[in-house]
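1 is the number of the first residue of the sequence shown in the UniProt record's numbering; add one for each residue after it.
The hints are simulated quantities; they were obtained by calculation from the structure and are not laboratory data. Treat the hints loosely; a few may be bogus.
[Stated by the list, open to error] Below, computed lysine-lysine pairings styled on BS3-like, alpha-carbon distance capped at 25 Å:
(1) Lys35 / Lys160
(2) Lys171 / Lys70
(3) Lys23 / Lys48
(4) Lys35 / Lys165
(5) Lys67 / Lys26
[Stated by the list, open to error] So the derived label-pair ranges between C-beta atoms look like this:
(6) Gly153 / Lys46: 22 to 28 Å
(7) Lys235 / Phe196: 47 to 53 Å
(8) Ala55 / Phe219: 39 to 45 Å
(9) Thr33 / Asp86: 15 to 21 Å
Ideal Cβ positions, reconstructed from N, Cα and C, are used throughout, including at glycine.
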Amino acid sequence: MNYEFTIIIPVYNEEDNLERVEKELKEYLAICTKKAKVLFVNDGSKDKSQQLIEAICQRNEAFGFVKFTKNKGLSAAIKAGFDHVDTPLVGYIDSDLQTSPEDFNLLLEHIDQYDLVTGVRADRKDSFVKNASSTIANNIRRAFTNDGMDDTGCPLKVIKTDFAKRIPMFKGLHRFLPAMILLQNGTIVQIPIRHFPRMAGTAKFGLWNRLLGPLMDCFAYLWMKKKYINYEVEKIG
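With the sequences and hints as input, model every part of the structure.
The structure is reproduced here in structure tokens:
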């Protein structure tokens with residue numbers, strides 16, 4: 001089939017969520033404004049996630065997977081997804097489904113005019129500590145990157161694949177995807193989306209990951225920005 005859009009779903013110990021993921025993504029594929037498929041990236045899960053993923057993929061032609069030998073983190077999972085995508089557009093959503101696949105359609109409305117469209121979570125359904133730490137981390141990151149984005153941690157994005165494949169992902173740089181598109185002279189926009197409480201499983205990030213970790217990643221981003229190579233080919237003979 002001529003798919004146009006691949007949805008990456010990073011998975012790490014999410015056995016309690018995967019049947020719901022299958023149901024909601026199947027329903028979304030039927031109404032997606034692009035011909036879409038799903039790619040699970042199993043980031044070294046130690047529970048029954050892989051068994052469930054393989055069963056889901058056997059039942060659904062539009063579902064596939066990549067499995068890591070061991071846990072490497074969210075940035076690595078997203079990078080692996082980018083590496084294995086063969087469609088013009090790529091997006092990702094977390095397997096906890098605190099954002100709705102249906103809202104991909106809101107982002108897809110704008111992808112012709114922009115190179116990355118990211119969600120911004122309206123009325124977040126998280127704890128006070130999680131919301132406060134995310135707000136502080138986003139303010140710090142925005143001061144370093146000047147990307148103008150309010151919520152780069154939002155796990156709902158659509159990117160033109162050519163741009164996604166040129167992102168030199170390092171650990172933690174999934175928080176800097178809009179800034180990485182700007183480094184390529186690309187265009188970005190944020191669109192309000194819905195947010196929901198986690199229904200099953202447990203959050204994989206604590207205060208360190210949400211606040212102090214991103215601060216350290218900002219310095220890694222600045223180093224990478226200084227070294228980043230960007231070029232345009234005018235002619236090939």
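Check your understanding: Hint by hint, which ones does this structure get wrong, listed from lowest number up?
Key -> No hint contradicted; all consistent.
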